[in-house]
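Engineer: Here is what each chain is made of, one letter per residue.
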Amino acid sequence: MDTKRLIIVAVGGQGNLLASRVLAEAALLSDVPVRMSEIHGMAQRGGVVESAIVFGDAESTIISDGEADLLVGFEPSETLRAIRKANSKTVVISNLSPLPPFTVAIGRGVYPDLKQLQELIRSKTSKLIAFDAVALAKQAGNVLAVNMVLVGALTQTRILPLSAESVKETVRTKTKKAFADINLKAFELGFSAAECC
Amino acid sequence: MHKLLTESPGEKMILLGNEAIARGAIEAGVAFATTYPGTPSSEISLNLFEMSQESDIYFEYSTNEKVALEVAAGAANSGVRTLCMMKHVGLNVAADPLMTLAYVGVKGGMVILTADDPFMFSSQNEQDNRYYGKLSGLSVLEPSSVQEAKDMMVYAFDLSERLQEPVLFRTTTRVNHSTAVVTLGTIRKRIIKGDFKKDPMNYVTVPAVSRKLHVKLLKNMAAAQEIAEKCEYNFIRGSGAWGIICNGVSYNYAADAVKDLNITDKVSILRIGFSYPMPKAVITAFLKGKEKILVIEEGEPYMEEAVKAFAQEQGFTLPINGKSNELFSRLYEFDPAMVRQQIASYFAVPYTPPLLPDISDVPELPQRPPNLCAGCSHRATFYAVKKAAREQGTEIICPTDIGCYTLGFLPPLSVGDFLICMGSSVSTSCGFSKVTDKKVVSFIGDSTFFHSGITGLINAVFNNHNFTLVILDNGTTAMTGHQPNPGVDMGDFSRSGYGRVSIEEVVKGIGVSHITVIKPYRVRKSIEAIKEALNYQGVSVIISQEMCTLFAKSLKKLKPRAFHVSDKCKNHRDCIKEIACPAFYLEGEKVKIDPVACAGCTVCAQICPENAIVPLKSEK
Chain C
1 MDTKRLIIVA
11 VGGQGNLLAS
21 RVLAEAALLS
31 DVPVRMSEIH
41 GMAQRGGVVE
51 SAIVFGDAES
61 TIISDGEADL
71 LVGFEPSETL
81 RAIRKANSKT
91 VVISNLSPLP
101 PFTVAIGRGV
111 YPDLKQLQEL
121 IRSKTSKLIA
131 FDAVALAKQA
141 GNVLAVNMVL
151 VGALTQTRIL
161 PLSAESVKET
171 VRTKTKKAFA
181 DINLKAFELG
191 FSAAECC
Chain F
1 MHKLLTESPG
11 EKMILLGNEA
21 IARGAIEAGV
31 AFATTYPGTP
41 SSEISLNLFE
51 MSQESDIYFE
61 YSTNEKVALE
71 VAAGAANSGV
81 RTLCMMKHVG
91 LNVAADPLMT
101 LAYVGVKGGM
111 VILTADDPFM
121 FSSQNEQDNR
131 YYGKLSGLSV
141 LEPSSVQEAK
151 DMMVYAFDLS
161 ERLQEPVLFR
171 TTTRVNHSTA
181 VVTLGTIRKR
191 IIKGDFKKDP
201 MNYVTVPAVS
211 RKLHVKLLKN
221 MAAAQEIAEK
231 CEYNFIRGSG
241 AWGIICNGVS
251 YNYAADAVKD
261 LNITDKVSIL
271 RIGFSYPMPK
281 AVITAFLKGK
291 EKILVIEEGE
301 PYMEEAVKAF
311 AQEQGFTLPI
321 NGKSNELFSR
331 LYEFDPAMVR
341 QQIASYFAVP
351 YTPPLLPDIS
361 DVPELPQRPP
371 NLCAGCSHRA
381 TFYAVKKAAR
391 EQGTEIICPT
401 DIGCYTLGFL
411 PPLSVGDFLI
421 CMGSSVSTSC
431 GFSKVTDKKV
441 VSFIGDSTFF
451 HSGITGLINA
461 VFNNHNFTLV
471 ILDNGTTAMT
481 GHQPNPGVDM
491 GDFSRSGYGR
501 VSIEEVVKGI
511 GVSHITVIKP
521 YRVRKSIEAI
531 KEALNYQGVS
541 VIISQEMCTL
551 FAKSLKKLKP
561 RAFHVSDKCK
571 NHRDCIKEIA
581 CPAFYLEGEK
591 VKIDPVACAG
601 CTVCAQICPE
611 NAIVPLKSEK
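So the sequences go chain by chain: C and F. Numbering-wise (the working numbering), the first sequence opens with residue 1 and increments by one. Numbering-wise (the working numbering), the second sequence opens with residue 1 and increments by one.
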């Protein structure tokens, strides 16, 4: 089976660990080999959290620079920061709702212009799918469902060897029951948003 | 039921490496487990802590790693299967019992897990703990994958019982924190009670006994060597004339690279999973007839040196490389592309590395370093200490320690001047204060104080040193994921039947004569109390008590009442410049507070010169 490599970057608290867990469970359900690696630790202290997920026949659990097939950023400046993981064939999905790091507030950095950020990503990769995932999560019923919006969007690209049905089934069974409906709605909204981009 | 207690052999589960390791121990029939938490090992013990609540497994968070290993040694020498877990630097703390426990050995199987951290994702160094095998004479096992980590744990217990010696189980972050599909095995019956048979001539390590025990250890090492030669965890893939010797996650990268480079018919890979004693006969046989050898291992050239020594004994002259000639670095972690590149160049295989994106036109992005949480009491304490010192015109040196509060060294707080290991804040203060004329104020967390701060404080009182120690008591071991420590109320962890040790009583008992307990959210009072402590000649201790905000929120003990910046704000920005709470952000030139992030600690409201920060009115 062809190897497909996915990088997810997020800010601690955005729920990317659950997103990667859902994708791994969907792979198990679909009999697709899956391995992933996460950097935990300081996630709860507002740092960057990066998950690497490798689908198909491979032993490695991490992804080198320039080798991601799909790059998903939960926060626009973090998507751009992770661009080193991409190459000219990579598809990039990014939330466009910024969470400026604290260093911006204390004058130790400037948050990038969102328009320029998108142009830069487009110029270096094959495709950028970018939209306000926070707005869609709110529309689905909970701002915390940003992760499921983005899972929906990345499923739509069909780059990973996972069917929309198997991912939805996993969202239904492996996320908290109280949030399952909101999560599924968020998934659908993200899926549709990716179709339009 | 806890998912790792599932009795369904053959079932496939998505598990984190650390969950797989805990499951492996359960399958091996582990009955007794001890730890001091430390990333990247913490989830192993967290799972055992949870499982101990619904099974007959005994689990404890011990005071430090030395204690954990000694507690485990008692249980193992009464015939019970025992697991002792720690991060790599924890084994330094436990090195004293380790070295002589190797002489004494064990009766029940005992596995000592050391989680190494190449690249130092969350550690102060990246030491390679395979050398502890060589130093102590204990066998070392190293898994490459999540599934193997589980399976190898069962093997490790069997090996330990067979050798009657503890076995070192060495992982790296990328095994601990990788996730993959794991096929469950059978859970063996746990034997939870043992018996200790007195045998002082083999257990009491006076010189005459130890001289005999060292002979026994050497015999056990020879027996381990025999087992390593036949161990299925040292295996060979492929039959080509180019040889690769690798271990741990390096095996994953090498296996993928050989496939990607299309050279599977040209290469043989020897994966070493039983790495002390090194399987000499296996390696010698592997070297025979090879054109050249590439050794791929993160960390130190541990295998490379052994392989070269074996080759020399046989008179082999084939090229053997790894870290020598700087093909691979001793620094940091490896990755698939790096390993692929080195394999291609070493064996002269045509290869075009992936074209990395040109990022020269990407503007400099604002850094996103980890930060103390919004409302963290450590921030309040650091502010108060800085303010107290500034108001008195006292220049201070601030040795710090290991925990969330280490982050206080970042601007704008900039409190934290020296750190080497757990507990070093207290003892280094003795040295700093003796030879400089500056005031020394050091910081240590509650868990770290119990771990290894107490002995330093006793030293300070006995030798009559002169400094102020601030004990940041937030009621949990926060950094590693909110584990308990001897000072906490175990009710907060929904557990009963524990004792509780008061930090204040300990400090009093040690003989510190100037002790003040402060509530750091009361800013002015705290500053005044700190000033008094700073002026005290001798050892003074400030105990700053406030529960970790994150933990309090998770316990629903804190219902944050958010604050906001009112129209009175004249943009002095003391709030941002002095305390830099991450709940602040700028909207244009105006300072705002994120009401979701704000924990309602009120510290910013107390320091605002215009009293412009006020409670947000409820919208109800």
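Think of the hints as simulated: they come from the structure by calculation, not from any bench. Glycine included, each C-beta is placed from N, C-alpha and C at the ideal position. Check before you lean on any hint, since a few could be wrong.
[Stated by the list, open to error] Footprint (simulated), chain F over chain C, 3 or more residues, beta carbon under 8 angstroms: (1) 86-95; (2) 154-161; (3) 183-192.
[Said to hold, decoys possible] Listed next, with one range per pair, are the computed distances between beta-carbon atoms: (4) C:Gly56 <-> F:Asp265: 40 to 50 angstroms; (5) C:Arg158 <-> F:Thr317: 46 to 56 angstroms; (6) C:Asp132 <-> F:Asp437: 50 to 60 angstroms.
[Said to hold, decoys possible] Keeping only pairs whose Cα atoms sit at most 30 angstroms apart, straight-line, the calculated DSSO-like set for lysine-lysine is: (7) C:Lys176 <-> F:Lys557; (8) F:Lys553 <-> C:Lys185; (9) F:Lys525 <-> F:Lys568; (10) F:Lys292 <-> F:Lys230; (11) F:Lys259 <-> C:Lys4.
Engineer: Indicate, hint by hint, whether the structure satisfies it.
Structural biologist: Now the hints, each set against the structure:
no.	hint	in the structure
1	86-95	holds (count 3)
2	154-161	violated (count 0)
3	183-192	violated (count 0)
4	C:Gly56 <-> F:Asp265: 40 to 50 angstroms	violated (22 angstroms)
5	C:Arg158 <-> F:Thr317: 46 to 56 angstroms	holds (54 angstroms)
6	C:Asp132 <-> F:Asp437: 50 to 60 angstroms	holds (58 angstroms)
7	C:Lys176 <-> F:Lys557	holds (23 angstroms)
8	F:Lys553 <-> C:Lys185	holds (28 angstroms)
9	F:Lys525 <-> F:Lys568	holds (25 angstroms)
10	F:Lys292 <-> F:Lys230	holds (24 angstroms)
11	F:Lys259 <-> C:Lys4	holds (15 angstroms)
When the structure is compared with the earlier hints, violations turn up for hints 2, 3, 4 and for no others.
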